[in-house]
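Colleague: Top line first, the protein sequences correspond to chains W and R.
Numbering-wise (UniProt numbering), the first sequence opens with residue 1 and increments by one.
Numbering-wise (UniProt numbering), the second sequence opens with residue 1 and increments by one.
Hint data in this document are derived by calculation from the structure and do not stem from the laboratory.
Keep in mind that the hints are not guaranteed to be accurate.
Here are the simulated distance ranges between beta carbons [as the list claims (entries may be wrong)]:
#1 R:E165 x W:M207: 34 to 44 Å
#2 W:G104 x R:M187: 18 to 28 Å
#3 W:Y184 x R:G251: 39 to 49 Å
#4 R:P184 x W:Y245: 50 to 60 Å
#5 W:W134 x R:V77: 41 to 51 Å
#6 W:M279 x R:V27: 32 to 42 Å
Built from N, CA and C at the ideal position, the CB exists for glycine as well.
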Amino acid sequence: MQQRERRLGLLYAAPLSLFLLLTFLAPILLVAGFSTMPEKVFSLTQMPDFSAYRTVLEQGYWKSVAWSLFMALLATLILLVICWPLAYGMAKVFKRFTLVLTIGVVMTLFVSENIRLFGWVLTLMKGGLIEGYWRYWTGQGFDAPLYNGPIIVFGLVYVYLPFMLFPLAQGISMVPDDARQAAYDLGASRWQILKEIDLPLAMPGIMVGSLLTFVLAAGAMAESKLLGGRAIITIADEVQTAFTYGQNWPLGSALAMVLIAIIGTVAIWAISKADLDAMMGRKS
Amino acid sequence: MKTSRLSTALLIAYGIAILGFLYLPLVSVGLASISKARYLSFPIRKYAFGWYEDALTSDTVRDLLVISLKVAGVVTVASMVIGFFGALAFARYNWRFRKTYQKLILLPIFFPQTVLGLALLMWFNALGVVPSWKTAIIAHLVWIAPIATLVVSIRAFSFDAALEEAARDMGANQWQTLREVTIPLLMPGVTSAGLFAFLLSWGNFPLSLFSTGADSTLPEWLFAKMVSGYSPLVPTVGMLTVATSAVLVFGGLILAWAIRRLRPES
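So that you can see chain W by itself, here it is in the shape it has in the complex (with noise of 0.2 Å):
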């Protein structure tokens, strides 16, 4: 029995594994060999000297990705902050509303990044949906909230919400009611509850929250161009160019890497953590 197990095991797990192989970790490979190359070479012959690495050192590029970071770090903890009250309510108040938001908030998912940054546009520009009927019912205008920086992270905690919400959710769907009463019964105040009891045992959901928002945010680059009219360039974003307009592939590998190298150690650190058989709720 286990020996057909652990046969049918490997079989079935070979598809999607070499299917990856072939289209995930290869294209990653590929893209390691010419961030070594000479700039501006479209072959892997030459030589490698790592002179891209430099330029991304020297041309100020440690800039975005400071920007980058900083900025999904921003909006991780906005929706931190946006998003516990509401998946408190999900995992312990709520009865059918529950069912209700996780439709709503699971369907927008299903809709275009871009569409849904497009409708912010037409709702925040001058002559938008706000300001045009603030103006009609007012008579006075103001300038449009958008093609600025703050914009860019409002646009992140915007698509990135669902993210933070379902694990905060999972996570404290976890915590023992018991828990909270015994604290509440032997006096606890409102916010002792939540520093000693909710935080701590919630935890592992608010850092799958945390570390997904983060990373995907940090590799982010439709907020910037659609809402930010690219008033702070992401890393993304300049990998993208290099490849596109600059028509240097070296360059546009090594940027690659260094976003690669950023989120590869967040992402590996906290899928090694997870017990995913435990959390999916895997029997026996």
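With the hints as your guide, set chain R onto chain W.
Modeller: For chain R alone, coordinates are given in the frame of chain W:
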């Protein structure tokens, strides 16, 4: 320590506010799509459905639709097959590298999609493959097949191993067990995975951007139009793609509900 009625009411109001926040941009797109004026400005003075007529009769939109459907269709079928077997290895069978496998297949989901698209473009170039809608299918699958596997896994985790063993004890061979026991039991998960796969492929932009070559999907066309100035067709076509997704999601939900109603014992 029951939550007071006031707190419950406040939390529900907060939830509704968040839903409003999530859908506000779509309201703007929806209103823009039925504004008669060529240059949009709120408040809208005249409403008209003329842009929908233009969009539905446009050859460009029809070509885009065909390509988007072809890509999403193949991605759906492939994800269901890969996800079915992937999930059995993920959740059901105990084998040596299961834990490692579980973790490695998650990595593509976290990977920045634009960079993945570019890496695949270089890879196709190195292999001498000319990018077209067919290569976009591969690009979408790198991201969607692992997600489909996870969706089927949720079902596979609650799988009763004794059922497969019973079938084997009664003399069913490998193929019969798979066909008569495993596939029917996992079918709800596989169907949801297919729905997810279609919707995610249908709406995807960053992976399509570099992998479609000369072909173009609907989200790509929308993005190109968005950055090159306002066109009244953008909100209209945008709304049409959103409506397609909404119909599919609600269709799926109603189907799931109906099946549960018709078969109360399962």
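Colleague: If a hint holds in the structure, say so; if it does not, say that too.
Modeller: Here is what the structure says about each hint:
Restraint check, R:E165 to W:M207: a C-beta distance of roughly 37 Å satisfies the suggested window 34 to 44 Å. For the pair W:G104 and R:M187, the beta carbons lie near 27 Å from each other, so the given range of 18 to 28 Å is met. Remark: the range hint 39 to 49 Å for W:Y184 to R:G251 is upheld by a beta-carbon distance near 45 Å. One distance hint, 50 to 60 Å for the beta-carbon pair R:P184 and W:Y245, holds here, with the actual separation near 53 Å.
In this structure the hint that W:W134 and R:V77 lie 41 to 51 Å apart at CB holds, the actual value being about 49 Å. Checked against the hint of 32 to 42 Å, the pair W:M279 and R:V27 passes, with Cβ atoms roughly 36 Å apart.
Of the numbered hints listed earlier, not one is contradicted by the structure.
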